[in-house]
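Q: Whatever position you read off the sequence shown (first residue = 1), add 1095 for the working numbering.
Simulated from the structure, these hints should not be mistaken for laboratory data.
Nothing here was measured: the structure is a model prediction, and the numbers come from that model.
Just so it is clear, CB atoms sit at the ideal spot from N, CA and C, and this is done for glycine as well.
Worth double-checking, as some hints may not be accurate.
Now the in silico label distances, taken between C-beta atoms and shown as ranges [claimed, not checked]:
(1) H1200 - V1166: 49 to 59 Å
(2) V1166 - C1195: 18 to 28 Å
(3) G1222 - A1149: 18 to 28 Å
(4) G1126 - L1245: 22 to 32 Å
(5) L1199 - A1248: 47 to 57 Å
(6) G1218 - P1130: 17 to 27 Å
(7) P1130 - A1226: 25 to 35 Å
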Amino acid sequence: MAAQVLALGLGAVTASGCVWYLPALADLRAGADRPVSRRLSAAACVTGWATAAATALLLLLGVPARPLLAVAAAGAGAAIGLRLRAAVRRRREEREDAACWSALHAAPPRAGHRPARYAFARGLGGGLALALAAALLLAWGRAHGVSALLAVAAPVALAGCALLVAALRAVPAPAGRGGVRGVR
C-alpha cells in the first residue's frame, strides 16, 4: 500500500473524528467551568487526534519510517499519559465528593453508567490504533523482515483480547434477593 493512500485514509478518519475532538475542544475552552479530570480527558482526546492528523501529514510528505513512528509513538504516549492522569484525578474527585456527602450525613447521588459514546470512542480509538499498527507493519515491515502473517496476526490478537475484556466487563451485576432483576 502506498504511503499516500494510507495518509489519505488516516486523514479521512481524522476529519470524521470531529465528533470527539470538537466537544473536547469545547471542554478545554470552558476552562475552570469543567472539572480538572474532564479537562485532562479532553486534552488526551485532542492530543490523540492531533497525533493522527500529524501522522497523516507526515505520511503525505513522505517522511521516512523511523521519524514517523517516533512522532506517532510520542503522541500516543502523551495521549495515554493524559488519559491515565484524568482517570486518577477523577477517582480523587469522586472520593472528595463522597467525603462531602458523608459530612452532610446524606447518601451521595447514584453514579450512573458512563455514557455509551465513551465506550464506543474507546473501542473505536483502539481499533484505529490497531489498524494503524497493522498498516505500518505491512507497509514498512516487509522491508525490515516482518512477515505479513505477523503483521496481521498481532493486531488481530490484541483486538481479540480487547473484545474479551469488553465482554467480561459487560456481564451484568448479580440480581437482588428475588433472583431476577426487578422482581421481588
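Q: Now tell me, hint by hint, if it's right for this structure.
A: Here's how the hints hold up against the structure:
no.: 1; hint: H1200 - V1166: 49 to 59 Å; verdict: holds, 53 Å
no.: 2; hint: V1166 - C1195: 18 to 28 Å; verdict: violated, 43 Å
no.: 3; hint: G1222 - A1149: 18 to 28 Å; verdict: holds, 20 Å
no.: 4; hint: G1126 - L1245: 22 to 32 Å; verdict: violated, 46 Å
no.: 5; hint: L1199 - A1248: 47 to 57 Å; verdict: holds, 55 Å
no.: 6; hint: G1218 - P1130: 17 to 27 Å; verdict: holds, 24 Å
no.: 7; hint: P1130 - A1226: 25 to 35 Å; verdict: holds, 32 Å
Hints 2 and 4 from the earlier list are contradicted by this structure; the remaining hints agree with it.
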